[in-house]
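If you read the sequences in order, they're chains V and G. Residue numbers for the first sequence, in the numbering used here: 1 to 85. Residue numbers for the second sequence, in the numbering used here: 1 to 587.
Any given hint might turn out to be false.
Partial chain G-side listing against chain V, Cβ under 7 Å, derived [stated by the list, open to error]: (1) I306; (2) I414; (3) Q418; (4) Y422; (5) P495; (6) P505; (7) L508; (8) L562; (9) R565; (10) R569.
Taking lysine-lysine pairs in the DSS-like style, the calculated list, with each CA pair at most 27 Å apart, reads [unchecked claim]: (11) V:K52 / G:K234; (12) G:K449 / V:K76; (13) G:K558 / V:K52; (14) G:K479 / G:K558; (15) V:K51 / G:K234; (16) V:K51 / G:K558.
Pair by pair, the computed Cβ-Cβ distance ranges are [as the list claims (entries may be wrong)]: (17) V:I69 / G:G454: 52 to 62 Å; (18) V:I69 / G:A396: 20 to 30 Å; (19) V:R31 / G:P526: 27 to 37 Å; (20) V:E24 / G:V204: 28 to 38 Å; (21) G:G455 / V:A79: 22 to 32 Å; (22) G:P526 / V:E64: 24 to 34 Å.
Derived by calculation from the structure, the hints in this document are not laboratory data. The beta carbon of each residue, even a glycine, is placed where N, CA and C say it ideally should be.
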Amino acid sequence: MREEVPLYSCEAFRAQLSNLVDDEVAVQVRRELERHLAECRVCEVLFDSTKKTLTILTDAGRFELPRDISERLTAKILASLDPAN
Amino acid sequence: MSYLARVELPETYPPYRAFRESLRFLPAVFPAQSLLPRVIEAEAALAGAILLAPGALSRVTKEQIILAVAAANDNPYCVTVHAHILEGLGTSSERIRALVDGVHSGALDGREAALVDFGLTLDRRSASIGPADLDRLREQGFDDPEILEAILSTALARFLCTLSTGLGVEPDFESVSIPPRPAAAETPAPQRSERRKGPYLRSVARTPQDFPPFAFLLTSFGFVPALYRAQTLKPEALEAEALALRNVLLTEDALSRRQKEYIVLAVSAANLNTYCVTVHGEMLRVLGVPPEASDQIAADHRHAEIPETEKALLDFAVRLATRPQEYGEDDVRSLRENAFGEAQILEAVVMASLTNFLNTLQFGLGASPDFRPRRDLVAEALAERGRVEKAPDPDAADVARARAGDRDAFEALIRRHQAAVYRTLLGLTGNAADAEDCAQIVFVNVFRKIRDFGGASRFSTWLTRIAINEGLERLRRRKPDESLDDPGREEPFRPTSITPWVEDPERLYAREEMRQLIHQELSRLPAMYRTAVMLRDIEQLPAHEAAAALEIPVATLKTRLLRGRLMMREALAAYFTASSAGGGSPV
């Protein structure tokens, strides 16, 4: 008897979630994950919001150092390199 | 007439009739493609949805954008046809002349001129367009549906310019002359637009279950690419684009699907469109083409492992799409010599045109890749133009000089890396004074130990490792009860928030608020998850470098990363789910 390959369970999907958003899964696995995604509303929300979380982290988490802090820090480091200290 | 063979289609052929009805003539570009009626049908759908049917912008406004873009591309066919159409719509000959001459600002009112300027910018500086360009239109009072139509009109103009050049069609009317433009020989170097990511426009939630174009994309490609999700304000354009993909890209009676995907890759790479290279590389992967092969075609198709005839095909498409002034009938002949038939050459022309359309659309919408891109084409082009050597470690020279006691070189290293070190320490310790204090200690230690640094890893990885250890040390002293050790095997993480998020969460908060929000929520994560998320997702280190900096195996990093990301997701859900944000429409 021939059966359809079972879909990924939610748990199996979630174990791969991070790799999926990083595009680090093999083609066959990806197909299975996408099949699961098309069927499972909860995992779809999880996938979508995780991707958005990453975008937010990437975009807003990485800030440039305000000029006054960077100048002060550089000066302090250079000063403490002197043998006198 | 035109370069390719043609057949007679009956007067009653529906697309011909539709054009005659709405334009009162049949533009020569369509009968020139009569070998493949499916292609004409796709183009009729695109032109109908984007240009001819009533929309947010008036017909005249859209035609003005197309005329200006055609003139900037020095395309006599499109200039003549669209000048004629504008005339028929009652536009004065002075205004038409001003658009063709590129001096429209005096002839149009401020709002209309801003739209034309936007179209010209999107056409000329596609890869460096950013959200600020759209904001300028919003300042003029344009809303998102109107801006979407301006982007679609510009993309359609590029499509028609490439198509008419590729087919070699003569204008339907007496040619309108285009004055020579000041030599814009070199396209301006792309600049990194602000870090604010796209999509730049509002969209509405649609699912494959309730929206047939999405169902089509899902079944054809295995996912609904972000480029299409960013256009839901104009569903009729999506219907036309779905038809165009079906009739042009997916139908295999002339070129093969793989050959057509190669054209998308090579042309998108020449246009520096990372998004389309990434998404179509993914589509090729589903078709069984390994990622390395796709990367090679995007990087340099002349050295890819494909038959010579296919290299000729890609040469043809890239020249037509990106250097039309060098293209001519000889290019068509050379494809014939490579044993390509008339219908195949026609399809190559249409694919090059469609790729320019999709690239322009993506640049204007700012849709971000559905997958993490393997290569950043803009960064690579910038490196290329600056003749920056792709050295294994960009710090190697300064490190060598610093080891020899050169203070200036060490200062350069401080200035280059202190922001990343400070961010990492702030994330770890959760407090600015500690971060600054630790950063100072870190660099002093690095200075003392730099002779021991053997170059086994990158300097930045080594520096990050020292910073992490210093930050953890500080944390142990401040919060002795917080465990920093791996708790071993844990229960699988159970998500509690399963409410959909708003479409673009980043528009809910100002940048600084968002930064503080992330900082606050990140600081509540246990340190082992926090460090993984910080290095990988904020500092964007590759997995193996983040693992090396944390002195853990890559597999451990990935486990921690998954949990850290899910925890951040739970924390941020309070701010970004459709219900908590007070608006939006959860499907």
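Each hint, compared with the structure:
no. : hint                       : result
1   : I306                       : violated (20 Å)
2   : I414                       : holds (5 Å)
3   : Q418                       : holds (6 Å)
4   : Y422                       : holds (6 Å)
5   : P495                       : holds (6 Å)
6   : P505                       : holds (5 Å)
7   : L508                       : violated (10 Å)
8   : L562                       : holds (4 Å)
9   : R565                       : holds (6 Å)
10  : R569                       : holds (4 Å)
11  : V:K52 / G:K234             : holds (23 Å)
12  : G:K449 / V:K76             : holds (18 Å)
13  : G:K558 / V:K52             : holds (19 Å)
14  : G:K479 / G:K558            : holds (26 Å)
15  : V:K51 / G:K234             : holds (24 Å)
16  : V:K51 / G:K558             : holds (16 Å)
17  : V:I69 / G:G454: 52 to 62 Å : violated (32 Å)
18  : V:I69 / G:A396: 20 to 30 Å : holds (28 Å)
19  : V:R31 / G:P526: 27 to 37 Å : holds (34 Å)
20  : V:E24 / G:V204: 28 to 38 Å : holds (31 Å)
21  : G:G455 / V:A79: 22 to 32 Å : holds (28 Å)
22  : G:P526 / V:E64: 24 to 34 Å : holds (27 Å)
Of the numbered hints listed earlier, those contradicted by the structure are 1, 7, 17.
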